[in-house]
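> Sequence:
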Amino acid sequence: MGRGPSIEHRKNAADAQKARVFTKLIREITVAARKGGGDPAANPRLRLAIDRALDANVPKDTIERASKRAAGELGADQMQEVRYEGYAAGGIAIMVDCMTDNPTRTVADVRHALSKHGGHLGTGGSVAFQFTQTGELWFKTGGDSALEDRILGVAIEAGADDVASEEGYTEVLCQPGALPAVKAAVAAAHLPLLQADVVMRPATRVTVSAEAAQQLGKLIAALEALDDVQAIHHNADLPEAALA
Numbered sequence: 001m002g003r004g005p006s007i008e009h010r011k012n013a014a015d016a017q018k019a020r021v022f023t024k025l026i027r028e029i030t031v032a033a034r035k036g037g038g039d040p041a042a043n044p045r046l047r048l049a050i051d052r053a054l055d056a057n058v059p060k061d062t063i064e065r066a067s068k069r070a071a072g073e074l075g076a077d078q079m080q081e082v083r084y085e086g087y088a089a090g091g092i093a094i095m096v097d098c099m100t101d102n103p104t105r106t107v108a109d110v111r112h113a114l115s116k117h118g119g120h121l122g123t124g125g126s127v128a129f130q131f132t133q134t135g136e137l138w139f140k141t142g143g144d145s146a147l148e149d150r151i152l153g154v155a156i157e158a159g160a161d162d163v164a165s166e167e168g169y170t171e172v173l174c175q176p177g178a179l180p181a182v183k184a185a186v187a188a189a190h191l192p193l194l195q196a197d198v199v200m201r202p203a204t205r206v207t208v209s210a211e212a213a214q215q216l217g218k219l220i221a222a223l224e225a226l227d228d229v230q231a232i233h234h235n236a237d238l239p240e241a242a243l244a
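Per the working numbering, the very first residue in the sequence shown carries number 1; after that it's consecutive.
Read the hints as simulated data drawn from the structure, not as lab findings. Among the hints, a few may not be true.
[Claimed, not checked] Derived lysine to aspartate or glutamate pairs resembling EDC-like cross-links, with alpha carbons at most 16 Å apart:
1. K140 to E171
2. K140 to E167
3. K24 to D227
[Stated by the list, open to error] Each pair of labels, with its calculated beta carbon distance range:
4. Y169 to N102: 37 to 43 Å
5. K60 to G142: 43 to 49 Å
6. N102 to D149: 38 to 44 Å
7. Q78 to W138: 33 to 39 Å
8. T104 to A164: 21 to 27 Å
9. F22 to N102: 16 to 22 Å
10. G177 to A128: 15 to 21 Å
11. Y169 to A19: 28 to 34 Å
12. H190 to R111: 30 to 36 Å
13. W138 to T104: 34 to 40 Å
14. G177 to D101: 25 to 31 Å
15. V21 to R111: 34 to 40 Å
Just so you know, even glycine gets a beta-carbon here, dropped at the ideal spot from N, CA and C.
Starting from the given sequences, assemble the full structure and let the hints guide the process.
Here it is as structure tokens:
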């Protein structure tokens, strides 16, 4: 009998997390449609946002409403994109992309999270020059050279710029606008795609101490818990386990 409340609490927490993810995905669709038009075929950013939402099981009618709202069919949308730049513990460059209807509230929340976890907010442009917007796809290849060659051929033919394989994984890089075409090509070839996204890729990564890595993990968790935060980019070189 004592397990009931605990199970209910975990379910409520999972539902809240799902709702937060849905909200962020819908915001991205809305802003993408507003800026580039409501036709996914002519708007790569919108097409990618819709793909992300479908992968996360966002209902199709919810996606359609977001696109229509952005196009002005269902009323104005007040969301705007803002980017905050600064440094995390250990001198790690970090950028936080947000969508908000209240930048004053959002910057205060981001500043608080940074300062609480050993970082600080910088000025616009203070770290952005260290990053380049890039389309990035990852595949699990397990060291299969024939599979790696197939990925290379399909990706380059579809417009990718670079393909590299290491430790059982293959990474494909492309221009952001080319990502939908490359993703469609590898899907049609039934290649083992793990993820595909447009990221802010650092020119170089910095090795950090275990303490700084732990602080970064806590900072990222705090930022991701903010409703206005859409994406977080950093230049730390550390294993994924460090962020667990």
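> It remains to establish, for every hint, whether it holds in the given structure.
Here is what the structure says about each hint:
no., hint, in the structure
1, K140 to E171, "9 Å, holds"
2, K140 to E167, "9 Å, holds"
3, K24 to D227, "7 Å, holds"
4, Y169 to N102: 37 to 43 Å, "40 Å, holds"
5, K60 to G142: 43 to 49 Å, "34 Å, violated"
6, N102 to D149: 38 to 44 Å, "51 Å, violated"
7, Q78 to W138: 33 to 39 Å, "35 Å, holds"
8, T104 to A164: 21 to 27 Å, "43 Å, violated"
9, F22 to N102: 16 to 22 Å, "20 Å, holds"
10, G177 to A128: 15 to 21 Å, "20 Å, holds"
11, Y169 to A19: 28 to 34 Å, "32 Å, holds"
12, H190 to R111: 30 to 36 Å, "46 Å, violated"
13, W138 to T104: 34 to 40 Å, "37 Å, holds"
14, G177 to D101: 25 to 31 Å, "28 Å, holds"
15, V21 to R111: 34 to 40 Å, "24 Å, violated"
Hint compliance for this structure: hints 5, 6, 8, 12, 15 are not met, and every other hint is.
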